[in-house]
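Protein chains: 2
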Amino acid sequence: MYDLLIRGGHLFTMTGEGVGFVQHGAVAINGREIVAVGPEDEIVTVDRPVQTIDATGCLIMPGLVDVHMHSAATVARGLAQEVEAWMGSAYGPMVRHIADEDAPLFSALALMEGVANGTTTFGDYEAPMMEIAAVHEAMGNRAVLCQGITEIDWSQRETWMEQGWKPGDPAFLDSAIGEAEYEKELAVFDRWNGTDEGRITNVLGPIAADMVSRELLLRAKEEANRRGSRIHLHVAQDPRENNATLQRYGLRAIPFLDSIGVLDGGTIATHLCTAEPEEVELVARRGAPMACCTNSIGTIDGIVPPAALFASLGGVVGLGSDQAAGNNSHNIFAEMRSTAMFAKIAAGSPLPLPAWQVLRMATIGGARVLGVDDKVGTLDVGKEADLIMIDLTKPPMAPVVLHPARNIAANLVYAETGRNVRMAMVAGRVIYRDGVFTRIDERAILRDAQAAAGRFEERLAADPAIVDLAITQLTDRGYI
Amino acid sequence: MYDLLIRGGHLFTMTGEGVGFVQHGAVAINGREIVAVGPEDEIVTVDRPVQTIDATGCLIMPGLVDVHMHSAATVARGLAQEVEAWMGSAYGPMVRHIADEDAPLFSALALMEGVANGTTTFGDYEAPMMEIAAVHEAMGNRAVLCQGITEIDWSQRETWMEQGWKPGDPAFLDSAIGEAEYEKELAVFDRWNGTDEGRITNVLGPIAADMVSRELLLRAKEEANRRGSRIHLHVAQDPRENNATLQRYGLRAIPFLDSIGVLDGGTIATHLCTAEPEEVELVARRGAPMACCTNSIGTIDGIVPPAALFASLGGVVGLGSDQAAGNNSHNIFAEMRSTAMFAKIAAGSPLPLPAWQVLRMATIGGARVLGVDDKVGTLDVGKEADLIMIDLTKPPMAPVVLHPARNIAANLVYAETGRNVRMAMVAGRVIYRDGVFTRIDERAILRDAQAAAGRFEERLAADPAIVDLAITQLTDRGYI
Numbered sequence: 001m002y003d004l005l006i007r008g009g010h011l012f013t014m015t016g017e018g019v020g021f022v023q024h025g026a027v028a029i030n031g032r033e034i035v036a037v038g039p040e041d042e043i044v045t046v047d048r049p050v051q052t053i054d055a056t057g058c059l060i061m062p063g064l065v066d067v068h069m070h071s072a073a074t075v076a077r078g079l080a081q082e083v084e085a086w087m088g089s090a091y092g093p094m095v096r097h098i099a100d101e102d103a104p105l106f107s108a109l110a111l112m113e114g115v116a117n118g119t120t121t122f123g124d125y126e127a128p129m130m131e132i133a134a135v136h137e138a139m140g141n142r143a144v145l146c147q148g149i150t151e152i153d154w155s156q157r158e159t160w161m162e163q164g165w166k167p168g169d170p171a172f173l174d175s176a177i178g179e180a181e182y183e184k185e186l187a188v189f190d191r192w193n194g195t196d197e198g199r200i201t202n203v204l205g206p207i208a209a210d211m212v213s214r215e216l217l218l219r220a221k222e223e224a225n226r227r228g229s230r231i232h233l234h235v236a237q238d239p240r241e242n243n244a245t246l247q248r249y250g251l252r253a254i255p256f257l258d259s260i261g262v263l264d265g266g267t268i269a270t271h272l273c274t275a276e277p278e279e280v281e282l283v284a285r286r287g288a289p290m291a292c293c294t295n296s297i298g299t300i301d302g303i304v305p306p307a308a309l310f311a312s313l314g315g316v317v318g319l320g321s322d323q324a325a326g327n328n329s330h331n332i333f334a335e336m337r338s339t340a341m342f343a344k345i346a347a348g349s350p351l352p353l354p355a356w357q358v359l360r361m362a363t364i365g366g367a368r369v370l371g372v373d374d375k376v377g378t379l380d381v382g383k384e385a386d387l388i389m390i391d392l393t394k395p396p397m398a399p400v401v402l403h404p405a406r407n408i409a410a411n412l413v414y415a416e417t418g419r420n421v422r423m424a425m426v427a428g429r430v431i432y433r434d435g436v437f438t439r440i441d442e443r444a445i446l447r448d449a450q451a452a453a454g455r456f457e458e459r460l461a462a463d464p465a466i467v468d469l470a471i472t473q474l475t476d477r478g479y480i
Numbered sequence: 001m002y003d004l005l006i007r008g009g010h011l012f013t014m015t016g017e018g019v020g021f022v023q024h025g026a027v028a029i030n031g032r033e034i035v036a037v038g039p040e041d042e043i044v045t046v047d048r049p050v051q052t053i054d055a056t057g058c059l060i061m062p063g064l065v066d067v068h069m070h071s072a073a074t075v076a077r078g079l080a081q082e083v084e085a086w087m088g089s090a091y092g093p094m095v096r097h098i099a100d101e102d103a104p105l106f107s108a109l110a111l112m113e114g115v116a117n118g119t120t121t122f123g124d125y126e127a128p129m130m131e132i133a134a135v136h137e138a139m140g141n142r143a144v145l146c147q148g149i150t151e152i153d154w155s156q157r158e159t160w161m162e163q164g165w166k167p168g169d170p171a172f173l174d175s176a177i178g179e180a181e182y183e184k185e186l187a188v189f190d191r192w193n194g195t196d197e198g199r200i201t202n203v204l205g206p207i208a209a210d211m212v213s214r215e216l217l218l219r220a221k222e223e224a225n226r227r228g229s230r231i232h233l234h235v236a237q238d239p240r241e242n243n244a245t246l247q248r249y250g251l252r253a254i255p256f257l258d259s260i261g262v263l264d265g266g267t268i269a270t271h272l273c274t275a276e277p278e279e280v281e282l283v284a285r286r287g288a289p290m291a292c293c294t295n296s297i298g299t300i301d302g303i304v305p306p307a308a309l310f311a312s313l314g315g316v317v318g319l320g321s322d323q324a325a326g327n328n329s330h331n332i333f334a335e336m337r338s339t340a341m342f343a344k345i346a347a348g349s350p351l352p353l354p355a356w357q358v359l360r361m362a363t364i365g366g367a368r369v370l371g372v373d374d375k376v377g378t379l380d381v382g383k384e385a386d387l388i389m390i391d392l393t394k395p396p397m398a399p400v401v402l403h404p405a406r407n408i409a410a411n412l413v414y415a416e417t418g419r420n421v422r423m424a425m426v427a428g429r430v431i432y433r434d435g436v437f438t439r440i441d442e443r444a445i446l447r448d449a450q451a452a453a454g455r456f457e458e459r460l461a462a463d464p465a466i467v468d469l470a471i472t473q474l475t476d477r478g479y480i
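Taken in order, these protein sequences are the chains called A and B. Here this note's numbering is used: the first residue of the first sequence is 1, the next is one more, and so on. Here this note's numbering is used: the first residue of the second sequence is 1, the next is one more, and so on.
Source of the hints: derived by calculation from the structure; they are not laboratory data. Treat the hints with care, since some could be wrong.
When chains are identical, the list treats them as one kind, so a pair holds in a single copy or across two.
What the hints assert, rightly or not - The list that follows gives simulated cross-link-like pairs (lysine to any residue, SDA-like), each with its CA atoms no further than 20 Å apart:
| # | residue 1 | residue 2 |
| --- | --- | --- |
| 1 | K166 | G382 |
| 2 | K394 | G382 |
| 3 | K184 | R285 |
| 4 | K394 | A444 |
| 5 | K184 | S213 |
| 6 | K166 | D54 |
| 7 | K394 | T438 |
| 8 | K166 | Y249 |
| 9 | K166 | S259 |
| 10 | K184 | P39 |
| 11 | K166 | T52 |
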């Protein structure tokens, strides 16, 4: 007796080399686990279900994976874009006003946006993670979490300058800060890793090669290995990083990371947007998977991350939404479309990164990046039932054409926005259905988050630095 | 006594140079017309309404304008992308199987997608327009229509080759075909122009400089002028066009069009994607408005249309979705995001085409392109009430931040997908509200369109040329 049978729709299992299409397929689930998947007429003869979900007119596919996000920045969504030097002139001045006690509410907004648009797994990189992890637990999504470890305290800039530091120089590293952050990261790991039978797992997050010392980076890497986990690292994310490693170690960021043995399958390499082609090739060859944040990097820098090159070299690619203040969304449908299209723009050709390949990045690719592909990323017997149901009866998914050529894969990537996601399930439990989040109080969160945004506004208004920002001036001049 | 008062929300009037933000604004409507717009406390003291729409938590802004679309190709959505030479190797082989009698159903799908995502005006360029126009009339949207005029009959290719024609040569023009199509275009114009007090208007559609003779082009232009209308032209849309005008007249397409006096404010110049910068500048200088189809041109050719350059030269730009077989959506939110982001990618900078400017392209810019800016495109007293209501209480529009900087404009362009559109109104009448199309039978159209797609599948299956297409091979090999 199956606990649950989802029947009546088509499947993208994402097994094999493409999307693994099954016409009139079914998925049988016992507890958290997929116990049968395939053509409906084969499944239904094996056993009967206690409960049935009717997927007529729908596609069932693995839930989407957002491999890299900073979830609490949603309160600064729309307040940090269209400026040079985004980190210092837009993002930094805004997000420093996010109060720790409000961060979990803002993270909840990010998860709501993601889940409603088909994301079931989030690689969240945010502080204070001890509290934000509870939001992931409550929402019911899968999560691979870290808080992040830095040794830089930018508030000490004035003091550095007294000691001869100039803008553009590598920032001062403070091992006491690093030590404290490292301990916090381990405490978050110890508290949350393995929660709900492994629905929540943890990694360690030394932020980037320029933001921690070589020693701390190696220590985190070794500790992650010891724990059977990974490190989640920003790699070649900006010129500042290359500049810092050049000055400190005589090597650009990627050669430096390689020289100390950090680039391997247990290191999530996020961005790679300032990497030279031979550096991209080196990361791929070492087996470190790539977290590609197309809309974020495009908005912030006008750069196309090298996902097409990385994938062509056999590297594993997953898609990430990064932060709402500089993307500005947490929607993997938007990432799929942009990733496929930016590759075409960059090449001046319609051929790179076809839809089926980008769909793989958003599912099994993402699961491999986060190291959860043993549990999710495909519809396969023995995996946990993380899946979404997409309505094919309405535009832009309708009409469905199956013979002699199928239109579903291209329409998911180039047309669907997430609106037709009817249901999201994680580990066999429905967490979203027909517009309703089943495990959280959406109305209360929206109300409380808007109230917290009011407190954020007050902090911005009290900060004289905000007045000079481009966005404030556009507001004052009535353009926005 | 106002017929209708929309109150409780914020406004983007799109008047002035930016988005025309009004906090706690209201719009008063009598019949089809806006009779008052501004801060709510000023409006409500003037007169009382018969009826009220509560826009609390929402943004009211002009309905979006899709300046260029071929609406009936939705049945081939997802069946024509990711190939070289799209027209011949993907689009053409598919769309020739669209039966005239089914075309209006497929057009209805396009309009449903557009309206549900906030589009209220469509510049539709499709055949058979005599029947498709009735779909626009029924849906209740605003439309600027043409059927299109060509003198080329590609089915005569074999005969041309017997006469020495080679692929790459300009196609043979047949004035008898042109004459028949011209007469049909005028008949469509006469039947539909001015319908419903001008909600539907018509233009003339000589397709492109290479597809009609100089004489027919000039005749259409003069006739459009005589009728107080415009011509809607594809300009510099592909190398074939430049090649043909070079061979026929010794000039590339844009210099040729200029040499015969066709480039002026009454000519909608669509695409410009093979235009050299000095040709873009010439079009802008002549005052011809640009229809920019970002996602279509990006998908088909990997090209960024020159919207940023055109706008920087003072040219008027509107956004168009082109055709679903090679976009693959009719969603102006998707066009806004891509137009803003592709400009950044092309420039390698986050600065070109800020959100407020792209919002203007999608509203008043589009209205100017189609020549309906006297009636729509801004919320202004005396204009018709074409407007949309967008929910700001849910992600990605929530939370709303207003002081000291506002986040709404950026979030509409970079985060919203159309999902939060709660209501669309045209000429004072609600045509869509809370997921329901008020004037058409959505369920019947979806059912009939899917049945028509089944007939389309049968035609494809009976055509041996379809077997060789890339999309069929991807299907057969199980990738999609």
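- Hint numbers the structure violates, sorted upward? Hints 1, 2, 3, 6, 9, 10, 11 not satisfied by this model.
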